[in-house]
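Here our numbering runs 3 ahead of the position in the sequence shown, where the first position is 1.
Just so you know, these hints were derived from the structure itself, not from any lab. Predicted model, so just to flag it, every value in this text is computed and none were measured. Careful, some of the hints might be misleading.
[Unchecked claim] Per label pair, the in silico range of CB-to-CB distance: (1) L113 - I250: 17 to 27 Å; (2) K182 - E265: 48 to 58 Å; (3) A197 - T68: 20 to 30 Å; (4) N184 - S219: 19 to 29 Å; (5) K268 - A152: 49 to 59 Å; (6) A149 - G85: 47 to 57 Å; (7) A152 - Q54: 36 to 46 Å; (8) A133 - K87: 43 to 53 Å; (9) A149 - A58: 49 to 59 Å; (10) A58 - G177: 20 to 30 Å; (11) R267 - T68: 30 to 40 Å; (12) K108 - K268: 33 to 43 Å; (13) T68 - L113: 11 to 21 Å; (14) D114 - L199: 37 to 47 Å.
[Stated by the list, open to error] Cut-off 25 Å, straight-line C-alpha distance, at most; resulting in silico cross-link-like pairs (BS3-like, lysine-lysine): (15) K108 - K182; (16) K218 - K138; (17) K138 - K231.
For each residue, glycine too, the CB sits at the ideal point set by N, CA and C.
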Amino acid sequence: MFRFPARLVGAAVALTLAAATPSLAQPLELKLMAPAAPGGGWDQTARSMQQALVAAGVARSVQVTNVPGAGGSVGIAQFVNGAKGDGNQLMVNGFVMVGALAMNKSPVTLDQVTPIARLTEEIQVIVVPANSPIKTAQDLAAAVKADIAKVTFAGGSAGGVDHVMAALFAGAVGADAKKINYIPFSGGGESLAAILGGKVTAGISGLSEYEGQIKSGKLRAIGVTSEKRIAGSDIPTFKEQGIDLVIANWRSVVAPPGITPEQRKTLS
Numbered sequence: 004m005f006r007f008p009a010r011l012v013g014a015a016v017a018l019t020l021a022a023a024t025p026s027l028a029q030p031l032e033l034k035l036m037a038p039a040a041p042g043g044g045w046d047q048t049a050r051s052m053q054q055a056l057v058a059a060g061v062a063r064s065v066q067v068t069n070v071p072g073a074g075g076s077v078g079i080a081q082f083v084n085g086a087k088g089d090g091n092q093l094m095v096n097g098f099v100m101v102g103a104l105a106m107n108k109s110p111v112t113l114d115q116v117t118p119i120a121r122l123t124e125e126i127q128v129i130v131v132p133a134n135s136p137i138k139t140a141q142d143l144a145a146a147v148k149a150d151i152a153k154v155t156f157a158g159g160s161a162g163g164v165d166h167v168m169a170a171l172f173a174g175a176v177g178a179d180a181k182k183i184n185y186i187p188f189s190g191g192g193e194s195l196a197a198i199l200g201g202k203v204t205a206g207i208s209g210l211s212e213y214e215g216q217i218k219s220g221k222l223r224a225i226g227v228t229s230e231k232r233i234a235g236s237d238i239p240t241f242k243e244q245g246i247d248l249v250i251a252n253w254r255s256v257v258a259p260p261g262i263t264p265e266q267r268k269t270l271s
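Generate the whole structure from the sequences, applying the supplied hints.
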């Protein structure tokens with residue numbers, strides 16, 4: 004299990020596309036959807052890709068659009084229905100969307116898009132405001148076991164990896180996972196504001212989403228979901244704190260349905 008920083012995602016995709024498209028007469032003009040509000044992991048991934056694809060000369064331009072709502076369900080529906088057969092459109096997606104589509108009983112599924120590349124596998128982190136009385140994962144565990152309804156978790160859309168992780172944490176410490184008080188947000192910027200403003204007890208997301216605030220001292224990371232500590236980081240794992248919680252988020256990029264084999268080859 005490893006962390007792949009968002010700034011490297013675009014570079015990896017750019018190199019892949021550059022290698023796959025040596026005969027292009029001119030760079031592509033791409034549209035790239037982030038099916039979430041600005042500020043979150045999908046948005047960061049999309050904008051990293053935007054910069055790297057242009058810098059690598061693979062694309063002349065990359066237009067990023069944000070389509071938030073229902074854990075990506077709104078975005079994928081728009082993408083599948085509105086971009087069919089368009090080889091110049093891409094969408095970022097990931098683990099979050101799998102659960103969201105099921106929970107929302109979406110008529111559109113991931114089977115309808117065209118896979119291009121799996122980009123990242125990122126560990127998760129739980130954070131609290133810097134002034135929180137919760138200092139460690141065991142402190143949070145004690146609070147959850149004492150009164151689970153009073154402990155509020157902020158994260159991405161219902162059914163996504165953040166939501167799953169909140170339930171797994173509760174279960175791992177001996178609380179009733181069905182009773183977690185989870186507050187979903189459509190984008191990382193909104194959840195971050197709630198955490199920093201003290202509106203919730205703790206926040207859950209991929210580490211890269213909160214890394215800046217952790218380093219600046221605005222947030223305290225109480226645990227990461229990797230098997231071992233991340234190289235160069237002093238954030239303890241949940242496992243070393245006696246809590247059996249290991250999980251990873253993943254992100255990928257897909258094309259619309261109905262593109263030709265030649266278009267898919269160009270993009271992959």
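Structure-based check of all given hints:
1. Under the hint 17 to 27 Å, the C-beta atoms of L113 and I250, about 19 Å apart, fit the expected range.
2. Distance hint check: the CB atoms of K182 and E265 are about 52 Å apart, consistent with the given range 48 to 58 Å.
3. A C-beta distance of roughly 25 Å is found between A197 and T68, which places it inside the suggested range of 20 to 30 Å.
4. Range check, N184 to S219: Cβ separation about 27 Å, and the 19 to 29 Å hint holds.
5. At roughly 53 Å, the beta-carbon separation of K268 and A152 lies within the given 49 to 59 Å, and the hint holds.
6. Taken as a hint, the range 47 to 57 Å holds for the pair A149 and G85, whose Cβ atoms sit roughly 49 Å apart.
7. Between A152 and Q54 the CB atoms are about 43 Å apart, so this pair conforms to the stated range of 36 to 46 Å.
8. Look at A133 against K87: about 47 Å separates their beta carbons, and that is inside 43 to 53 Å.
9. Our hint of 49 to 59 Å for A149 and A58 holds, since their Cβ atoms are close to 51 Å apart.
10. The hinted range of 20 to 30 Å is not satisfied by A58 and G177, whose Cβ atoms lie roughly 50 Å apart.
11. At roughly 21 Å, the beta carbons of R267 and T68 sit outside the given window of 30 to 40 Å.
12. Checking the proposed 33 to 43 Å range against K108 and K268 shows it holds: the Cβ atoms sit about 34 Å from each other.
13. At about 19 Å, the CB distance of T68 to L113 agrees with the hint of 11 to 21 Å.
14. Between D114 and L199 the C-beta distance comes to about 39 Å, which sits within the given range of 37 to 47 Å.
15. Proximity of K108 to K182 is assessed by CA-CA distance (about 22 Å); at most 25 Å being required, the pair is judged to hold.
16. Taking the CA atoms of K218 and K138, the gap is about 16 Å. The hint holds against a cut of 25 Å.
17. Between K138 and K231 the CA atoms are separated by roughly 20 Å; this keeps the pair inside 25 Å, and the hint holds.
Hint violations for this structure: numbers 10 and 11, all remaining hints satisfied.
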